[in-house]
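Peer 1: Sequence:
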Amino acid sequence: YTASFDGFVRDASSGGGIDPLTIIFSAGNSGTSGLTRPKVAKNVIAVAASENLRPTLPNSGGSTGAADNLEQIPDFSSRGLAADGRIKPDVTAPGDAVTGGRSGSDPLFGNIDIYHRVSSGTSHAAPQVAGAAALFTQFWKNSHSGQNPSPSLVKAAIINSAVEMTGAGATQAMPNGSEGWGRVNLRFLLDPAAARYFVDDTDTRSILSDTGDRVVFTGRIADETKPLKITIAWSDPPGAAQPALVNDLDLVVYVGGTPYRGNVFS
Numbered sequence: 051y052t053a054s055f056d057g058f059v060r061d062a063s064s065g066g067g068i069d070p071l072t073i074i075f076s077a078g079n080s081g082t083s084g085l086t087r088p089k090v091a092k093n094v095i096a097v098a099a100s101e102n103l104r105p106t107l108p109n110s111g112g113s114t115g116a117a118d119n120l121e122q123i124p125d126f127s128s129r130g131l132a133a134d135g136r137i138k139p140d141v142t143a144p145g146d147a148v149t150g151g152r153s154g155s156d157p158l159f160g161n162i163d164i165y166h167r168v169s170s171g172t173s174h175a176a177p178q179v180a181g182a183a184a185l186f187t188q189f190w191k192n193s194h195s196g197q198n199p200s201p202s203l204v205k206a207a208i209i210n211s212a213v214e215m216t217g218a219g220a221t222q223a224m225p226n227g228s229e230g231w232g233r234v235n236l237r238f239l240l241d242p243a244a245a246r247y248f249v250d251d252t253d254t255r256s257i258l259s260d261t262g263d264r265v266v267f268t269g270r271i272a273d274e275t276k277p278l279k280i281t282i283a284w285s286d287p288p289g290a291a292q293p294a295l296v297n298d299l300d301l302v303v304y305v306g307g308t309p310y311r312g313n314v315f316s
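Counting along the sequence shown from 1, when you hit position 118 you're at 168 in the working numbering, and nothing is skipped either side.
Be aware that one or more of the hints could be misleading.
Label-pair distances were calculated between CB atoms; the ranges are [stated by the list, open to error]:
hint, residue 1, residue 2, range
1, Val-266, Pro-177, 14 to 24 Å
2, Ala-290, Ile-162, 22 to 32 Å
3, Gly-66, Gln-292, 31 to 41 Å
4, Ser-195, Ala-244, 34 to 44 Å
5, Gly-181, Leu-278, 26 to 36 Å
6, Ile-257, Ile-162, 53 to 63 Å
7, Arg-152, Val-265, 12 to 22 Å
8, Arg-237, Arg-270, 39 to 49 Å
9, Ala-184, Val-249, 33 to 43 Å
Note that these hints are calculated values from the structure, not bench results. All residues carry an ideal CB built from backbone N, CA and C; glycine is no exception.
Take these sequences, add in the hints, and give me the full structure.
Peer 2: Structure below.
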């Protein structure tokens, strides 16, 4: 089932063409019991929940208390890692004490007035990331003759611009199995003043065709007073067994001759 969704990201149609699709899932509301399928799929973006800033509204409760701290992860948000050690969930967005229009008879976590009610869950966090993905897609299309970015570029951009959380439930250094690579931040994702460089996978796919192949990019740090973040993501073919990874790509950044390896933050 999980492998099927990895395939859908690479090609979501049954026709003869290749039609990639960015797929975003809620991480689930099982807490430390873990993520359910297909949330651990390699190519989807799985979204954990952070708290909100709505302390006067009914929330999920639990050890983190009222929804009053974006840095905290509520107890219900499903934790990773994936069974083969991959980082899941991928990112986080507010999912505790989220408000919306009233529909149907189920009061969810409580009715606020005759028009609105409140609820909590990672299903409320995931649509925010879907919106962020849609905005980045439009941002990309505006400067690339209407062409869509690949799902892996969307995923890399969202991960790259996320911010580390520091509250209860997210005290480990990122990336980790609670917050992934951090809470999504649209200001960083779409900041027109940021110095950034994107490489979509269509530019390198023909080069990385055999074991041992590599691609080298050279540049300079535009502003040494600001952080430098480099992210690689790829849409991997569906796996048949554990570990699920088919292609193992490694990122190494050299600054002044010093190597910095992907995810090795020490």
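Peer 1: Broken hints, numbered, in rising order?
Peer 2: 1, 2, 4, 7, 8, 9
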